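Asks: Quick mapping for you: the protein sequence lines, in order, are chains A and B.
FYI, in our numbering the residues of the first sequence are -11 to 303.
FYI, in our numbering the residues of the second sequence are -5 to 194.
Hints listed in this document are in silico derivations from the structure and should not be mistaken for laboratory results.
This one's a predicted model, so the numbers in the text were calculated from it and none came from an experiment.
Any given hint could be a false lead.
Derived lysine to aspartate or glutamate pairs resembling EDC-like cross-links, with alpha carbons at most 20 Å apart [to be verified]:
| # | chain 1 | residue 1 | chain 2 | residue 2 |
| --- | --- | --- | --- | --- |
| 1 | A | Lys199 | B | Asp179 |
| 2 | A | Lys221 | B | Asp145 |
| 3 | A | Lys(-5) | A | Asp51 |
| 4 | A | Lys99 | A | Glu81 |
| 5 | A | Lys295 | A | Glu245 |
| 6 | A | Lys225 | A | Glu245 |
| 7 | B | Lys140 | B | Glu89 |
| 8 | A | Lys7 | A | Asp94 |
| 9 | A | Lys99 | B | Glu115 |
| 10 | A | Lys221 | A | Asp302 |
| 11 | A | Lys243 | A | Glu300 |
| 12 | A | Lys75 | A | Asp94 |
| 13 | A | Lys142 | A | Asp168 |
| 14 | A | Lys75 | A | Asp168 |
| 15 | A | Lys99 | B | Asp179 |
| 16 | A | Lys(-9) | A | Glu62 |
| 17 | A | Lys199 | A | Asp168 |
| 18 | A | Lys124 | B | Glu89 |
| 19 | A | Lys124 | B | Glu115 |
| 20 | A | Lys199 | A | Glu217 |
| 21 | A | Lys99 | B | Glu144 |
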Amino acid sequence: MSKLALKVTAVETLSPLVKRFRFESPTGAPLPVFSGGAHITVEMPEGEIVRRNSYSLISDPYDGSGYEIAVRREDRGRGGSRHMHTKVREGDEITVSAPANHFQLDLRARKHVLIAGGIGITPFLSQLKQLGMEQKPFELHYAARSREEAAGLKLLPGAAHIHIHISDEGARMDLGAILDGQPLGTHVYTCGPDGLITAVADQAARLGWPKTSVHSEAFTAPPPGEPFEVVVKSSGKTVTVKADQSLLEALEAAKVEIDYSCRGGACGRCETHVTACDGRILHNDHWLSEAERAEQKTIMPCMSRFKGARLELDL
Amino acid sequence: MPNAEFSPSIDSRPTYAGLVSQGAAHGIMVADDAGAEALCDLAGSDASVMDHAHVLLVGAAAGTVARIEALKPRALHGAPDLDAATPLIKRLLSEARMGTHLYLAGSEGLMGLVSALATAEGLPLDAIQMEHRGSIARRMQCVHCKGITEDVTTDPFICSHCGLTLFVRDHFSRRLGVFQGVCVDAEAPGEVPETQEIRA
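Take these sequences, add in the hints, and give me the full structure.
Replies: Quick look at the structure:
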């Protein structure tokens, strides 16, 4: 995975829980451009461990002068977002991956309907710029609990086809009204909590939308949990996964080669075969099917954990 | 003529699973004379499917039109050929709402063209039902001059635009709704294999 050594050039508080960060090349060299919905993986070294979290890019996809992300502080998470909020300052050096996109627009669509819940607004911010540039019809619906928490308000342009739904003000989002009667060839994209993604998919299915017109990106960071051990088959080495570490992070710390991309259980890149499992895999990803989960023959190390006597991975 | 069984080929080659009623959903149905038979079978499996269907028959005989009329579709339109039908197909697609199903039946050329029009409007391929009926003639694009030759039944064939002798490939452009024809004697001009009828 190609990496970029950048400099933090701006940190801005958008809401009590969300900060915006801007990264630029220290030499002023242009950065690779990307497509709307792309993310970068940010490295957060802390003592001996390196945490890596993926964040959607919110800046203009065609602007190589810098990358911007918005990070919501998750106090019950593994500490990645807390690190971003408390440790990262203007002028710091920071290592990020080149952009990758698992949530791109389907450019064959005649119209795009974007539905964001909370911090799920972030991938749409770069998509909005791409849609504007390409002059594609779209509407965006942004739902948040309160105006204070809605960090996206500071980042969204005011436009007739950008709709804000603040539930504290009684303006809840009505998915039926949004999806019903859209022109043939419309695609819908949802990013936010699982409940919202499921609700949009269910509503679209009820209205007879084809499955391939319905896209989503779940916003998930690996959950912390109880520590556990895994055995690496090729070397016989036992790796301990700490409470606030993901299995992928523990393997990386132990110098075990493993490929990854989204680090959020969505892209499937880190899928790993399980060669022995005496216990229960705690699947937290969006990649494996129910049947694959039940088999316990594969695991997504970026998200999932284990509880039991022995887990051996084909690595 | 029954639904042709095409021999297995590369992934690019379209396959046609047949029409299945989507019940009370709105429908746009496009068929040629042979394909109209598939619409009759569809209505036979679920008569209510016609209550919400706009049917467009392309180059259908008077008797065929009468048979479809008897199924009482919500609307019935006719056109002498695909060129004449295209503006109407585009209008139906542009006025339709999400949840509308597209049913295509007949030659590969008709299904290829209409599905290309529909995907250009943003409709995913998995929302399009197709059933092959009638001739196995192909709509071929010359990869050299980009001209399209209709109703190709032999391999090789002569491009009706640039005159090259073209090999009939199973490589299919979903964007254009055409199979690809490639110069058969580019390496050794004049060495042309014997012409044969294309097979399913």
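Asks: Hint by hint, note whether the structure agrees.
Replies: Results for each hint:
Distance hint between Lys199/A and Asp179/B is unfulfilled; the C-alpha atoms sit about 44 Å from each other, more than 20 Å. The straight-line distance between the Cα atoms of Lys221/A and Asp145/B is roughly 59 Å, outside the 20 Å bound, and the hint therefore fails. With a C-alpha separation of about 16 Å, the suggested pairing of Lys(-5)/A with Asp51/A holds against the 20 Å cut-off. Distance check on the hinted pair: Lys99/A and Glu81/A sit about 40 Å apart at the alpha-carbon level, beyond 20 Å; violated.
Under the criterion of a C-alpha separation no larger than 20 Å, the hint pairing Lys295/A with Glu245/A is inconsistent with the structure, at around 23 Å. Of the pairs offered as hints, the one joining Lys225/A and Glu245/A holds, with about 13 Å between alpha carbons and a cut-off of 20 Å not exceeded. Between Lys140/B and Glu89/B, the direct Cα distance comes to roughly 31 Å. Violation of the 20 Å bound is thereby established for this hinted pair. Note on Lys7/A and Asp94/A: the hinted pairing is violated, with a Cα-Cα distance of about 29 Å set against a maximum of 20 Å.
Distance check on the hinted pair: Lys99/A and Glu115/B sit about 9 Å apart at the alpha-carbon level, within 20 Å; holds. With a CA separation close to 5 Å, the supplied pair Lys221/A and Asp302/A stays within the 20 Å bound. A C-alpha spacing of about 16 Å is found between Lys243/A and Glu300/A, which places the hinted pair at or below 20 Å, so the restraint holds. Between the alpha carbons of Lys75/A and Asp94/A the distance comes to roughly 37 Å, so the proposed pair goes past 20 Å and is violated.
Under the criterion of a C-alpha separation no larger than 20 Å, the hint pairing Lys142/A with Asp168/A is inconsistent with the structure, at around 29 Å. Straight-line distance between C-alpha atoms of Lys75/A and Asp168/A comes to about 46 Å, which puts the hinted pair past the 20 Å bound. Between the alpha carbons of Lys99/A and Asp179/B the distance comes to roughly 45 Å, so the proposed pair goes past 20 Å and is violated. For the hint linking Lys(-9)/A to Glu62/A, the alpha-carbon distance of about 25 Å lies beyond 20 Å, and the restraint is violated.
Taking the CA atoms of Lys199/A and Asp168/A, the gap is near 15 Å; set against the 20 Å cutoff, the hint holds. With a CA separation close to 18 Å, the supplied pair Lys124/A and Glu89/B stays within the 20 Å bound. For the suggested pair Lys124/A and Glu115/B, the alpha carbons sit about 12 Å apart, so the restraint of at most 20 Å is met. Using a Cα cut-off of 20 Å, the hinted pair Lys199/A and Glu217/A is violated, with the two alpha carbons roughly 39 Å apart.
Under the criterion of a C-alpha separation no larger than 20 Å, the hint pairing Lys99/A with Glu144/B is inconsistent with the structure, at around 32 Å.
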